[in-house]
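Peer 1: Residue-level listing of the chains:
2 protein chains.
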Amino acid sequence: MKLTVTQENLHKALQNVARVASAKTPLPILNNIILKTSKNRLLLAATNLEIAVTHYIGAKVESEGALTIPARLFSEFISNLPKGNIELETKDQHLTITLDHYTSTIHGMGAEEFPELPVINEANTTQITLPTTVFKRAISQTILASSHDSTRPMLTGAYFHTQNGELYLAATDGYRLAERKLIKSAQPTPIAAIIPVSSLQELVRITPDEQEEITILIDENQVRFRLQDIEVTSKLIEATFVDYRQLIPQKSDITVVVDKDEFSRITKVASLFARESAGGITIKTDPASQTVSIHSIASQLGENTSEADVKVDNEGSVTLNSRYLLEALGCIDSPEVSFSFSGKLAPCVLKASGKTDEYQHIIMPLKS
Amino acid sequence: MKLTVTQENLHKALQNVARVASAKTPLPILNNIILKTSKNRLLLAATNLEIAVTHYIGAKVESEGALTIPARLFSEFISNLPKGNIELETKDQHLTITLDHYTSTIHGMGAEEFPELPVINEANTTQITLPTTVFKRAISQTILASSHDSTRPMLTGAYFHTQNGELYLAATDGYRLAERKLIKSAQPTPIAAIIPVSSLQELVRITPDEQEEITILIDENQVRFRLQDIEVTSKLIEATFVDYRQLIPQKSDITVVVDKDEFSRITKVASLFARESAGGITIKTDPASQTVSIHSIASQLGENTSEADVKVDNEGSVTLNSRYLLEALGCIDSPEVSFSFSGKLAPCVLKASGKTDEYQHIIMPLKS
Chain P
1 MKLTVTQENL HKALQNVARV ASAKTPLPIL NNIILKTSKN RLLLAATNLE
51 IAVTHYIGAK VESEGALTIP ARLFSEFISN LPKGNIELET KDQHLTITLD
101 HYTSTIHGMG AEEFPELPVI NEANTTQITL PTTVFKRAIS QTILASSHDS
151 TRPMLTGAYF HTQNGELYLA ATDGYRLAER KLIKSAQPTP IAAIIPVSSL
201 QELVRITPDE QEEITILIDE NQVRFRLQDI EVTSKLIEAT FVDYRQLIPQ
251 KSDITVVVDK DEFSRITKVA SLFARESAGG ITIKTDPASQ TVSIHSIASQ
301 LGENTSEADV KVDNEGSVTL NSRYLLEALG CIDSPEVSFS FSGKLAPCVL
351 KASGKTDEYQ HIIMPLKS
Chain F
1 MKLTVTQENL HKALQNVARV ASAKTPLPIL NNIILKTSKN RLLLAATNLE
51 IAVTHYIGAK VESEGALTIP ARLFSEFISN LPKGNIELET KDQHLTITLD
101 HYTSTIHGMG AEEFPELPVI NEANTTQITL PTTVFKRAIS QTILASSHDS
151 TRPMLTGAYF HTQNGELYLA ATDGYRLAER KLIKSAQPTP IAAIIPVSSL
201 QELVRITPDE QEEITILIDE NQVRFRLQDI EVTSKLIEAT FVDYRQLIPQ
251 KSDITVVVDK DEFSRITKVA SLFARESAGG ITIKTDPASQ TVSIHSIASQ
301 LGENTSEADV KVDNEGSVTL NSRYLLEALG CIDSPEVSFS FSGKLAPCVL
351 KASGKTDEYQ HIIMPLKS
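Those sequence lines, one after another, are chains P and F.
Sequence positions in the first sequence follow the numbering used here and run 1 to 368.
Sequence positions in the second sequence follow the numbering used here and run 1 to 368.
Hints should not be assumed to be uniformly reliable.
The list treats identical chains as one, so a pair stands whether inside a single copy or across any two.
In silico lysine to aspartate or glutamate, EDC-like type, Cα no more than 20 Å apart, as pairs [claimed, not checked]:
{"no.": "1", "residue 1": "Lys60", "residue 2": "Glu113"}
{"no.": "2", "residue 1": "Lys83", "residue 2": "Asp261"}
{"no.": "3", "residue 1": "Lys83", "residue 2": "Glu307"}
{"no.": "4", "residue 1": "Lys83", "residue 2": "Asp259"}
{"no.": "5", "residue 1": "Lys39", "residue 2": "Asp253"}
In short, the hints are calculated from the structure, not lab data.
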């Protein structure tokens, strides 16, 4: 294999691909990335067997070939080189890299030892194209509600699915739940795929800001995200997602409409006094004064009460985990939020005020 | 005690003072800061018994008093409040903090339990005033060469001293050494003070960018840095500093003049292949081609050779720790550096090219 690529292109591709190979793995070959010529392009790819990332860059290919090479060293080396044309040449299982005054030889392993990259039969997939900004924001709004508990694998994924012809992304850990409506699905085929959160995080990291759309291909076992020159392919989590919609209250007794920043601030301040009580803060509404107050107490340290002026229809109180509430508020894209609850036991619902169905975040109360 | 201060001033003062109190300490009172009225000002202070930081802010004092209060909680609470006037009022050992809709009570401890703040008799001190930018840069250029080895306390400090009427800051860990000349000392009194590196780091962190000058007061056991409204007082390390000047070569056989960024880059690239050999890279000069080359090798991974065009007077080679070389290059404030050495055993000298005596950084070679 002998070819020339630019440092800029190679560096960018390695930033996308190398991280997947850097994960801890018992198989040394998975610390490598594979380089493979393909006509006038160079393929760079890495996999951790759950997710695979491929990136094609333009290359002037003199002779075809393939090799795998330690991802971290190769990537750090290339990122420290100046801009310019890099010549890559293999000899046995060594890769020689030359740019001006810089010459390195890195020892690789044969491409034949590398696991096969995942193949998808496009004819059997459901395909959806979404604006990048919408999908990236939907991911960040939902995955924080997912679980890290690997004994319940289903909850470590986000549920990408259709319901009444509309497309949703949802996640829950049993204590909180986030659901984002995406565009109306153009597909007659229903979708019900649980995508690992780690794969979605990798996708968000890789997707460049200038990428306008992401095409999503789903079959029974895999999902592929297709960007310009880049593909991220992930296994799906094999399970049936919890019937989470039954957890969402249809109506609540008390609804507060409040400035998001002010609600965040009084929650943050109250959380400082809630470290002893696992973050528990008590929210109380007062329709007479049209205020909400948050109280928290730490026997050793002191106590706090903070108020905000709001619109509220009923009197009530509920105790919540302050971190959950803060994180949920951070997911809402509107200056005013609507916070609804029904006494101390029913789930609380947070939405952007006015918009009723684009995004909702449910938090279970703490026993107080 | 009852008084009013602005959130902005209190927040700023707490940022400077609270960190000293946050250090791990066996004495719970040292996790507190002391608040004390002083005419129309409020004193905030904290100490870890090695260093003490005091900060005065303007206050509208209704009644005098003093109290100590947990630094972390108080500081986080104040930093999360909106801008405005904060009322502080003590009752027994509780501090009530009120701003608009926010009311908190924090439990404190009596001011009488707080250790006495360090006192300096100004008449017995040597005083020097330096431009802030000069002193901050001198600190960052030298303390990286100090030691973290607490069994040799002298080397965990920076040596602030006069030599032939000139003022220097120097530090060494035995493997490398950095010396920065400050202004010509205006003092007839010689200075020889070893200042703990941790105190200098705290000073750098606290000193605001808009502070033009720092006044330094030194007596036999203590140093005080005086800024507008803020004082940082530190114990000195009681020891005689190593006679480091004997380690600095008076002349070298080989001198390379090289572009700093390019030298950094080829060093960085070479260091990637030097992880097996404790960072060891071999630098070789070639007067015929007027180049310097750096070679490094990792038996498992591969090897690297990088070159740069330089001005060089002699042929030679030396093996250095690449991290030391990179950090030293980062301390030099000039686009061209002069790198001098004499074979494989003598110390190497790095300076800004042209400027011979403002800053020098010495690195001992590795055995190769």
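Peer 1: Give me the numbers of the hints this structure contradicts, sorted from smallest to largest.
Peer 2: Of the numbered hints, 1, 5 do not hold.
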